[in-house]
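Protein chains: 2
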Amino acid sequence: MARLVLKFGGTSVADPTRIKNVALKAKAELDAGHQVAVVVSAMSGVTNQLVEYCRQIAPMYDAREYDAVVASGEQVTAGLTAMALQELGVQSRSWQGWQLPILTDDVHAKARIKSIDGDEIAKRMAAGEIPVIPGFQGVSERHRITTLGRGGSDTSAVAIAAAIKADRCDIYTDVDGVYTTDPRIVTKAKKLAKITYEEMLEMASLGAKVLQTRSVEMAMNHRVRVQVLSSFGNAVGSDLPGTLVVDEEEIVEQEVVSGIAYSRDEAKITLVRVADKPGVAAKIFGPLSDAAINVDMIVQNISHDGRSTDMTFTTSRTDLDRAVQVLESNRDALDYERIVADKGVVKLSVIGVGMRSHTGVAQRMFQTLADKGVNIQVISTSEIKISVLIDEAYTELALRALHTVYGLDATQ
Amino acid sequence: MARLVLKFGGTSVADPTRIKNVALKAKAELDAGHQVAVVVSAMSGVTNQLVEYCRQIAPMYDAREYDAVVASGEQVTAGLTAMALQELGVQSRSWQGWQLPILTDDVHAKARIKSIDGDEIAKRMAAGEIPVIPGFQGVSERHRITTLGRGGSDTSAVAIAAAIKADRCDIYTDVDGVYTTDPRIVTKAKKLAKITYEEMLEMASLGAKVLQTRSVEMAMNHRVRVQVLSSFGNAVGSDLPGTLVVDEEEIVEQEVVSGIAYSRDEAKITLVRVADKPGVAAKIFGPLSDAAINVDMIVQNISHDGRSTDMTFTTSRTDLDRAVQVLESNRDALDYERIVADKGVVKLSVIGVGMRSHTGVAQRMFQTLADKGVNIQVISTSEIKISVLIDEAYTELALRALHTVYGLDATQ
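Residue numbers (the UniProt record's numbering), protein chains in the order written: chain A, 1 to 412; chain B, 1 to 412.
You can take every hint at face value.
It does not matter which identical chain is meant; a pair holds if it fits inside one copy or across any two.
Dumping the calculated SDA-like pairs for lysine to any residue here, alpha-carbon to alpha-carbon at most 25 Å:
#: 1; residue 1: 114; residue 2: 143
#: 2; residue 1: 191; residue 2: 256
#: 3; residue 1: 114; residue 2: 214
#: 4; residue 1: 123; residue 2: 142
#: 5; residue 1: 20; residue 2: 52
#: 6; residue 1: 188; residue 2: 372
#: 7; residue 1: 343; residue 2: 295
#: 8; residue 1: 20; residue 2: 45
#: 9; residue 1: 165; residue 2: 250
#: 10; residue 1: 20; residue 2: 109
#: 11; residue 1: 123; residue 2: 63
#: 12; residue 1: 20; residue 2: 46
#: 13; residue 1: 343; residue 2: 331
In case anyone wonders, no lab produced these hints; they're calculated from the structure.
Predicted model, so just to flag it, every value in this text is computed and none were measured.
Generate coordinates for the entire structure from the input sequences, incorporating the hints supplied.
Structure (structure tokens):
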């Protein structure tokens, strides 16, 4: 007997038939003796349509009005889901963000949740009622409707789970869990039964399609157990068919490497023969930061001649042209010889909390890539991750080789 | 310099381009020195789609959840309209029913407005801001979203106009005013510059397409001057291009007859040789009332033989079959010879407050119809209206003849 929050994404509530299916899953958990709350996204496509209306009317729209407009999508599905539950004989009602309330700051269109009053719904859940709460939306202290930014429904669900001290937050989506790597590329990829919060955050480039980063951070901070699972098929969350995102201590036998992520949204920029003197990095990255361009990996080579060096860094492909522009407009201050820009790169990341206590993980990666003739252009590491930038052409080859070397291949 | 409420229906806010047009009209009134508030319906088609979702999920849906679902359509257009006004440099914001608040009873799906707090928006209007309020919706004392029933946005607009003591409530729609009769049938029909509340209520069969009956009753009770006008073209309400619905005293030269309405949604039922004794009418109409069948005109002929009479009445065509069923199942109690049902009838109504002080209006109607060979089947009258039931085949002929006789034909 557990207290559960079930969250259903846009494809899971895309039409009345699927909403009825959502109600069946929630009722199955209730019938099994659990306490249940449901959080829903807007029907898939609806939010995009509403955003498009806003853009057509005012390219620089008022974020407060934008929030009033786009929050309506979740209002609709919450009402419909409560109806579908009632139709199954379950006590249910919808709770808009302003009714609960879900109090947020007033940074409209990307608000952060400040507090949730979960007392009333917790009381009703204990009495066998299923509250249905629209994801993505809240209300500011000024009584204006706010939204949490795209994908914010995951964050809503985890925050509600934290507020009512739920035993688990099940995120029903269109994939059946988190995999060791992208199964479209590596057919031997395995679904993970469990993964730690930290690993899930690092898997963002895979996981972004599955779970919003902010929701994982919130789950980690509040120690909310999260399960990613498919809304299709007959399984419900309590069968544990998906991937559990949990605290490290809950994973008894931790693999050294849990998964391998990759990102094609990478571009490499090298400033050749930039002056090698104190403050040069600040002069390069200050203007980029001012232009809101995110820089990821940074490598500064040793000096060629005691006076100049090569500075290499990566950014997203969409930001590449702007980044080059910013650097060219600062050419005089930076005093470099030339800029080399390259979009043909990919970032591979080997991830695992087990790395903390195991050595040789990086060496094994480098050796494997060397054996396959893959040149490593840039390296960066964190406590639980090693990332390398390589030629995009080697993506599949490298992914498969690393997947095998770290013992991640499915046995069947 | 006046205080105005402008209400725009679903076709007037059907897409972003039309919403921008709404903003232009509101700004034009502001620029002319008026104080302006805007009330909007949902985009045309949206409410029907939302109602259809509800029906698909739960044929006997919970009206509270239905209200949460369908109120979202107006939430969207209110936000978009405020954005469009801001884009024109006008200070504006949307006010949801629960934010203002528009307090209603909790008869969900057909709630009645109890009170509106207009102080805040009146203050802002005086400062040059344009508040945008979604029509159709309110909030109950239990903090649940309510709606006023189909067409309720007109009622919202009039109620808001009453709350802020507006000088006029302009109802922008897809027709350019109220006509002496249906211009599709009588090409010489004239647009009325003014019409009284009482006449507008009687014109409901024409006016229903133009103005919701409840909104006219509310306008009459609170003495709100209402204008019906087209949202297409360049004219704005202050040019007075439409039809003003006003108090009788405001109309200096009152025509005896203001308009001629007709309704094809009529069916006639005659109970032949029903027992002519006290209580028979109650026995007939009690069961019909219990079955929620609306009865309109009633005629009881004189007794044939001192023991039996013919009872004729009209109902809507959609209710005819059910009405006959009810009567047949009560045959023993009613003791009639047979039922004659007829769908081939139409109701013509000559309407005008001037009738109160003029005689001969009815006689003129009867004579005109007689001259054209039109047989009158049933007659009913009120202080400002004479209605007759005739064979449907004579509809156009009779309408045109009466329109001419009462001097309503356009002179051009």
